[in-house]
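Chemist: Chain R: place on chain A using the hints.
Number of protein chains: 2
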Amino acid sequence: MIVQKYKDMLQGKSVIRQLSEFATARGKEIGYENVFDYSLGNPSVPVPQKFTDVMIDMLQHRNPMELHGYSQSLGIPAVRDKIAASLNARFGMNYTGNHIFMTTGAAGAIAHAVRCVSGPGDEILTFAPYFPEYNPYINLTGAALKVVPADTAAFQINFDAFEEMLTDRVAAVLINSPNNPSGTVYSSETLSRLAQIMSDRQRQYGHDIFLISDEPYREIVFEGVDSPYPSKFYDNTLSCYSFSKSLSLPGERIGYVAVNPACTDAELISAMCSQISRGTGHNCPPSIIQLAVAEVLDLTADLSVYETNMRILYKELTALGLECVKPGGTFYIFPKAPEEDAVAFCEKAKKYDLILVPSDTFGVKGYVRLAYCIDTEKVERSLEALRRLIKMEY
Amino acid sequence: MIVQKYKDMLQGKSVIRQLSEFATARGKEIGYENVFDYSLGNPSVPVPQKFTDVMIDMLQHRNPMELHGYSQSLGIPAVRDKIAASLNARFGMNYTGNHIFMTTGAAGAIAHAVRCVSGPGDEILTFAPYFPEYNPYINLTGAALKVVPADTAAFQINFDAFEEMLTDRVAAVLINSPNNPSGTVYSSETLSRLAQIMSDRQRQYGHDIFLISDEPYREIVFEGVDSPYPSKFYDNTLSCYSFSKSLSLPGERIGYVAVNPACTDAELISAMCSQISRGTGHNCPPSIIQLAVAEVLDLTADLSVYETNMRILYKELTALGLECVKPGGTFYIFPKAPEEDAVAFCEKAKKYDLILVPSDTFGVKGYVRLAYCIDTEKVERSLEALRRLIKMEY
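Heads up: the sequence lines are chains A and R, in that order.
Once you know that position 349 of the first sequence is 348 in numbering that gives the first Met the number 0, the rest is easy, because the numbers rise by one and skip nothing.
Once you know that position 305 of the second sequence is 304 in numbering that gives the first Met the number 0, the rest is easy, because the numbers rise by one and skip nothing.
Chain A on its own, in the form it takes in the complex (with noise of 0.2 Å):
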């Protein structure tokens, strides 16, 4: 019989993607140019040219056979030496290859993580705000996600919530910095908070609590921040990368799990991930992509014109009365909306053309998200629309 769980999944609508298709709508009665469309989080640059390049060099020169060939299963061995040695470089981590998983982009990383760490009964822990996407990833393994309510002042952790909360049933802690939705990047003294109550409370429950850290955004950080590497503070620390945001190659489906050699049973979890793909169907990004990105490992796409829009919307933001965290990171700001039901402001936003996306679906009230990965010409002239919003309706 058809399984009811993945039917009744059917019914949640995204709330971002309803709004994004409100926006295709609408730029359909008005020209899309003139839709101020903050709703989806889609890089807006191009991919590096040398990526293309290499992918053009190796179609027209490598024997074909070998080029499409199978990946071994846990992604194909000078790939994963390539991307331990660029973290090592760049973070002062000891990794080799053995401890490199290659995955189709962070879902894939975080679906693999949390099988690797958790099953039926566990809990795991993440912070509000949250990527609603972990729900499924989580929930469909037998865990249970738990969200600990937000830090409102800065976005950090409320780290008084999630004392009460880290009880002997959670498996692992997952966190998101730079985050989607706040656009905060995690401190030095957040993570090394962070950690030193983990390593408290392994001691005291006798077993592991695993970190497993998101870091699609890692490359999107802004001036003067500091960004640091959160497998540095913590040994059984999970990096989970994608390429998506850092290379403008979200529809290529490529990533990592990086597990931290200090890790219990490190090379046994990257080992694990490959029998976890057996199950789930995986069995590798394709081949021609791991090649392609190992040649591009320390590229980014022009990532500029996030730093750019950033600026000017927490400008106009502040300037408008809005309460607002300046964002360390990522392309999103999320200010506080200016009543406390943020769906109805996003409502009343979409007179003026303006899709913003209501805090509610990220797990936390009162704020709306704004993904400025779309060109700084447009941020300007939205400028205007979220004038009127503001200053017509309050």
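Think of the hints as simulated: they come from the structure by calculation, not from any bench.
Take the hints with a grain of salt, since some may be wrong.
Same chains, same label: a pair holds when it works inside one copy or across any pair of copies.
Claimed, not checked - The list that follows gives simulated cross-link-like pairs (lysine to aspartate or glutamate, DMTMM-like), each with its CA atoms no further than 25 Å apart: (1) Lys4 with Asp264; (2) Lys6 with Asp167; (3) Lys377 with Glu65; (4) Lys12 with Asp264; (5) Lys4 with Asp207; (6) Lys49 with Glu65; (7) Lys6 with Asp80.
Modeler: Chain R in isolation, oriented as in the chain A frame:
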């Protein structure tokens, strides 16, 4: 804590992989050209040039943000429409794009199909000899794979055993024709009888019993062999396809599930697949690979070498007195070993630098698999080794 079941799976090393590693090691000693390596089912002919040309053309001329952008979670709509049209033209079906779900190869397709129609406590039946990866695909969902003993006379279906095992607990039946490892193709008579029995039992038990049809070898069918499309025989069919073998693209991980439009809740099932993906972190095959295969749906690599190799081997093996069902397709042949213990026979074969896979791994005893996706010149050179093996040892 680290999850034991995946840790345990690491112990069970694949026999096929071990043999392949032996062949590689032996190749380092005597030159790989002198090792008659029949272990791995890896395509030995290049992808059609048009695929390469399409990839290069897209990389050179398409807007990179569109080309590498997110695919919808069911796959790119235009790609799904083209696959539906191609299947309709070839097999007289009436699919629309809504019945197609894009996957990372047949592994991904089966993983999704199984999760759609079964859960813990359910049984899925398959027929020996069968592809051993079905075990993790199914057993890790909580359902249980049960293997119907082989029809060793013709490697069609042992219907007596099937009827006995087709109890009320069976949620789905998984077939693979053309078959790995036997190379046989289910006849219209076999598929009609299978469909009749399953239809009767659906009525008797009052619930659906789905047919999951694993078809990566669909395009490798030899002259004069009728290879009917299983979905034509039974409405509740989910066809699982991979382009790995037909296009020689195993590393690019691209395939689909096609749900028969007359299946119970057909469009709901394909939609459900995208919800399953949210949990497994699959989230679509890469956009560029989807777009490229859509341009070569009705092409294949030059598959003629497989038939040439099959004829040479079939003639020699039968001349040597081995019992052997003549393959109708694939790139496998499955003769009976000249002694009861196929593992012992394959050990002896190693002395002649012949790398054969014992049938125990495929759920039947006393046979061996030869994967003849190698150069014809090497097949011809291997005959002397085969003769020596049989004449010296038996």
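Chemist: With 25 Å as the alpha-carbon cut-off, assign the pair Lys6 and Asp80 to within, between, both or neither.
Modeler: Classified as between; 23 Å across copies, 41 Å inside a copy.
Chemist: Could you place Lys4 and Asp207 in one of the four classes (within, between, both, neither) given a Cα distance threshold of 25 Å?
Modeler: between (31 Å within a copy, 17 Å between copies)
Chemist: Can you tell me if Lys4 and Asp264 fall within 25 Å by alpha carbon in one copy, between copies, both or neither?
Modeler: between (34 Å within a copy, 15 Å between copies)
Chemist: At most 25 Å between CA atoms: does that hold for Lys12 and Asp264 within a copy, between copies, both, or neither?
Modeler: between (39 Å within a copy, 19 Å between copies)
Chemist: For Lys49 vs Glu65, is the C-alpha pair at or below 25 Å within one copy, between two copies, both, or neither?
Modeler: Both. Shortest intra-copy (21 Å) and inter-copy (17 Å) distances satisfy the 25 Å Cα cut-off.
Chemist: Tell me, please, which holds for Lys6 and Asp167 at an alpha-carbon limit of 25 Å: within, between, both or neither?
Modeler: So Lys6 and Asp167 pass the 25 Å test across copies only (22 Å; inside, 33 Å).
Chemist: Evaluate Lys377 and Glu65 at a C-alpha cut-off of 25 Å and name the case that applies: within, between, both or neither.
Modeler: between (45 Å within a copy, 19 Å between copies)
Going through the hint list in order, the structure satisfies each hint without exception.
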